[in-house]
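Student: The residues making up each chain are set out below.
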Amino acid sequence: MLLRIQNLKKYFYKGSGLFTASRVHVKAVDGVSLDVHAGQHVGLVGESGSGKSTLARLIVRLYEPEEGTVIWDGRGGFCKKRSHDARRDVQMVFQDPYSSLDPRFTVRRILLEALSLCGEKISPKEQTGRMQSVLASVGLEEGALGRFPHEFSGGERQRVAIARALLMKPRLLILDEAVSSLDVLVQQQIVELLLQLQKDYSLTYLFITHNLKIVRKLCKRIAVMYRGKIVETAETDELFKNPLHPYTQRLLAAAMDYRVHETAWIENFTEKFQLIDKGNSHFVLE
Amino acid sequence: MKDYHKSEFQIALGSFLRNRAAVVCLWVLGLLYAGAIFADFLAPYSYQNEDRDYSYCEPTRVHVRDEEGRWQRPFVYGMTVSFDQYHKRVYQEDRARKYPVEFFVQGDEYRPLGLLSSKLRLFGVAPEGRIHVLGADSRGRDLFSRILYGGRISLSIGLLGVAISFSIGLLVGGIAGYYGGRVDNILMRVCEMFMMVPGFYLLLALRSVVPANFNSMQVYISIVVILSFIGWAGLARIIRGMCLSLREREFVLAAKSMGVSDLGIIVKHVLPHTISYSIIAVMLSIPGYILAESALSLIGLGIQDPYASWGNLLSEAMGILQIQFAPWILIPGLFILVTVMCFNVIGDCLRDVLDPKIKKL
Ligand SMILES: Nc1ncnc2c1ncn2[C@@H]1O[C@H](COP(=O)(O)OP(=O)(O)OP(=O)(O)O)[C@@H](O)[C@H]1O
Ligand SMILES: [Mg+2]
Numbered sequence: 000m001l002l003r004i005q006n007l008k009k010y011f012y013k014g015s016g017l018f019t020a021s022r023v024h025v026k027a028v029d030g031v032s033l034d035v036h037a038g039q040h041v042g043l044v045g046e047s048g049s050g051k052s053t054l055a056r057l058i059v060r061l062y063e064p065e066e067g068t069v070i071w072d073g074r075g076g077f078c079k080k081r082s083h084d085a086r087r088d089v090q091m092v093f094q095d096p097y098s099s100l101d102p103r104f105t106v107r108r109i110l111l112e113a114l115s116l117c118g119e120k121i122s123p124k125e126q127t128g129r130m131q132s133v134l135a136s137v138g139l140e141e142g143a144l145g146r147f148p149h150e151f152s153g154g155e156r157q158r159v160a161i162a163r164a165l166l167m168k169p170r171l172l173i174l175d176e177a178v179s180s181l182d183v184l185v186q187q188q189i190v191e192l193l194l195q196l197q198k199d200y201s202l203t204y205l206f207i208t209h210n211l212k213i214v215r216k217l218c219k220r221i222a223v224m225y226r227g228k229i230v231e232t233a234e235t236d237e238l239f240k241n242p243l244h245p246y247t248q249r250l251l252a253a254a255m256d257y258r259v260h261e262t263a264w265i266e267n268f269t270e271k272f273q274l275i276d277k278g279n280s281h282f283v284l285e
Numbered sequence: 000m001k002d003y004h005k006s007e008f009q010i011a012l013g014s015f016l017r018n019r020a021a022v023v024c025l026w027v028l029g030l031l032y033a034g035a036i037f038a039d040f041l042a043p044y045s046y047q048n049e050d051r052d053y054s055y056c057e058p059t060r061v062h063v064r065d066e067e068g069r070w071q072r073p074f075v076y077g078m079t080v081s082f083d084q085y086h087k088r089v090y091q092e093d094r095a096r097k098y099p100v101e102f103f104v105q106g107d108e109y110r111p112l113g114l115l116s117s118k119l120r121l122f123g124v125a126p127e128g129r130i131h132v133l134g135a136d137s138r139g140r141d142l143f144s145r146i147l148y149g150g151r152i153s154l155s156i157g158l159l160g161v162a163i164s165f166s167i168g169l170l171v172g173g174i175a176g177y178y179g180g181r182v183d184n185i186l187m188r189v190c191e192m193f194m195m196v197p198g199f200y201l202l203l204a205l206r207s208v209v210p211a212n213f214n215s216m217q218v219y220i221s222i223v224v225i226l227s228f229i230g231w232a233g234l235a236r237i238i239r240g241m242c243l244s245l246r247e248r249e250f251v252l253a254a255k256s257m258g259v260s261d262l263g264i265i266v267k268h269v270l271p272h273t274i275s276y277s278i279i280a281v282m283l284s285i286p287g288y289i290l291a292e293s294a295l296s297l298i299g300l301g302i303q304d305p306y307a308s309w310g311n312l313l314s315e316a317m318g319i320l321q322i323q324f325a326p327w328i329l330i331p332g333l334f335i336l337v338t339v340m341c342f343n344v345i346g347d348c349l350r351d352v353l354d355p356k357i358k359k360l
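Taken in sequence, the protein lines are chains A and B.
Okay, so the first sequence: first residue is 0 according to numbering that gives the first Met the number 0, each after it adds one.
Okay, so the second sequence: first residue is 0 according to numbering that gives the first Met the number 0, each after it adds one.
There may be inaccurate statements among the hints.
[To be verified] Using 27 Å as the maximum straight-line C-alpha spacing, the simulated DSSO-like pairs for lysine-lysine come out as follows:
#1 A:LYS240 - A:LYS216
#2 B:LYS87 - B:LYS97
#3 A:LYS8 - A:LYS26
#4 A:LYS198 - A:LYS168
#5 A:LYS124 - B:LYS87
#6 A:LYS216 - A:LYS228
#7 A:LYS198 - A:LYS8
#8 A:LYS120 - B:LYS267
#9 B:LYS267 - A:LYS168
Worth flagging that the hints you see were computed from the coordinates, not collected in a lab.
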């Protein structure tokens with residue numbers, strides 16, 4: 000077991016003044032439990048505001064949870080301060096390639112920062128070697144090292160961000176809507192890249208997205224999040240064939256628009272959907 | 000082609016250098032600073048050198064033709080003083096005493112960096128005569144020389160003050176903005192305390208705490224410290240606002256999730272993004288320090304005689320009589336004016352270059 004999340008909670012508060020009492024504003028993550036096994040990619044889907052990013056940030060310890068534990072590699076919880084090793088083992092690629100790279104840093108500096116944190120002492124020559132090899136593995140040419148983020152396209156930036164994460168030699172890579180802002184073709188490339196990298200680096204992905212097509216291609220299991228809770232977890236095929244939770248069904252219905260012709264679950268699903276639709280006019284195709 | 004690997008900053012520098020007014024101002028400031036740095040060499044006299052016979056002597060005329068109209072190398076006449084019916088000093092050129100202006104002469108001694116001693120000065124006349132390019136003050140000291148020496152204090156006080164107050168402001172603003180929450184709250188209340196008190200009163204109050212027996216160097220340092228003590232709060236507030244939004248940016252989160260230390264993130268990823276604002280603010284706030292020092296000196300609380308600063312040179316021009324009879328003692332004010340103007344023009348230009356959004360408003 001790579002990662003076990005138990006009953007994780009994160010609330011955001013309103014008003015944290017010196018004298019004002021703080022009140023719960025949003026229960027962004029509200030009692031989430033999730034297991035991730037090595038080599039079994041997990042897709043995390045859910046509507047906007049359902050707490051996916053918050054969950055990801057809890058896992059990499061950008062936020063401290065209200066309650067609950069994140070157990071890494073069966074080695075007990077690291078609830079308060081994540082140890083350096085554990086930090087390295089879980090890396091995250093952020094949603095927006097236009098803002099996840101410091102615009103003032105050249106790619107060389109961006110990668111060097113990651114290298115300097117990976118805990119080994121290496122000579123400058125070897126540093127360059129490693130940076131070049133990781134750039135090659137994400138499909139960027141050597142000349143990229145001297146360039147600034149604004150000189151790259153969105154897809155190329157996302158590759159730089161992935162390269163940075165890879166330099167830390169993580170075992171779990173969290174991709175928070177890492178391809179959502181890219182166009183379909185580039186999405187395709189990145190997904191293929193991810194599949195390739197997974198073999199080379201023995202990675203496990205936690206893939207957060209709205210895009211069911213990609214999750215289906217990449218992930219073995221899917222967790223569906225709704226209003227801070229995980230409402231359904233299932234093997235990918237199972238979920239597509241037989242979505243249980245109304246929200247999951249709605250999600251699949253919405254996705255159906257785009258891919259009417261190719262899915263096997265459709266007949267099965269539309270039947271169900273109509274059932275729900277009769278009973279509850281709230282669930283309407285968007 | 001070569002545009003490729005330019006950072007934002009290099010691009011901004013390019014368009015800054017295309018602004019004529021700003022470049023001129025940069026040169027003027029360069030000259031002023033050079034004048035202050037090389038005051039020992041450029042000034043004909045030391046700041047202390049006085050000759051009471053030349054009290055309020057008008058600017059010396061440099062002649063190139065003698066009485067018969069023959070061309071000569073530049074020279075000056077000695078001056079004789081007499082009093083008119085109102086006991087006002089009247090200076091007359093004494094045609095009998097002629098002193099050629101010489102270059103690279105031996106003058107008053109000085110010790111650059113406190114080590115070697117030298118007497119070499121750019122120009123001067125034989126010790127029996129005196130040359131006052133911009134006139135002399137009440138004690139017959141050369142105004143030009145004193146302005147150059149005064150520049151050392153007036154021009155450096157702005158830079159030093161800004162350096163100190165900006166380090167404090169950036170750090171406090173950075174910490175408050177980055178951590179947010181309670182830390183932010185406390186730090187900002189402290190800032191507001193400083194901002195609530197009218198600056199000049201705070202200045203006077205703090206100045207009154209400085210012991211009277213301080214020597215001039217200590218007074219100088221304490222003035223710098225006091226000035227920067229007042230100046231940091233405003234900056235800290237603005238930097239804090241910027242950091243509050245920067246800390247949510249994904250590259251900051253990325254650095255944090257990789258395990259970069261908090262201080263490392265603040266210094267490497269957060270504060271550099273406030274730099275264009277900071278540079279503008281630095282440029283626009285240096286004049287404030289220069290003016291504050293002048294104001295302090297003007298009311299006699301700044302740099303003390305015999306040391307010169309533009310403010311205390313100007314404090315001689317407090318009486319209407321002096322201004323009437325020796326208008327050249329206002330010249331230090333001109334230097335202050337020009338310096339302040341240059342910093343403002345450069346600051347404005349930097350703002351146009353670094354922060355194009357503001358211009359459109
Ligand atoms: N720093 C914060 N302060 C206050 N509320 C927050 C904060 N971050 C997130 N939230 C709230 O928590 C909820 C979950 O946000 P989160 O970013 O996790 O959603 P998400 O599932 O990632 O959405 P999206 O798909 O749009 O990225 C939202 O309602 C959001 O308003
Ligand atoms: Mg999100």
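Student: A separate judgement is required for each hint: does it hold in the structure or not?
Tutor: Status of each hint after checking the structure:
1. Restraint check for LYS240 of chain A and LYS216 of chain A: satisfied, since their Cα atoms lie roughly 15 Å apart, inside the 27 Å limit.
2. For the hint pairing LYS87 of chain B with LYS97 of chain B, the CA-to-CA distance comes to about 25 Å; that is within 27 Å, so the pair holds.
3. Between LYS8 of chain A and LYS26 of chain A the alpha-carbon distance is near 8 Å, which keeps this suggested pair within the 27 Å criterion.
4. At most 27 Å may separate the alpha-carbon atoms for a hinted pair to count; LYS198 of chain A and LYS168 of chain A meet this at roughly 13 Å.
5. Note on LYS124 of chain A and LYS87 of chain B: the hinted pairing is violated, with a Cα-Cα distance of about 80 Å set against a maximum of 27 Å.
6. The hinted pair formed by LYS216 of chain A and LYS228 of chain A meets the criterion: a straight-line CA distance of about 24 Å does not exceed 27 Å.
7. Proximity of LYS198 of chain A to LYS8 of chain A is assessed by CA-CA distance (about 33 Å); at most 27 Å being required, the pair is judged violated.
8. For the hint pairing LYS120 of chain A with LYS267 of chain B, the CA-to-CA distance comes to about 21 Å; that is within 27 Å, so the pair holds.
9. For the suggested pair LYS267 of chain B and LYS168 of chain A, the alpha carbons sit about 23 Å apart, so the restraint of at most 27 Å is met.
In terms of the numbered hints stated before, the structure departs from hints 5, 7, listed from lowest to highest.
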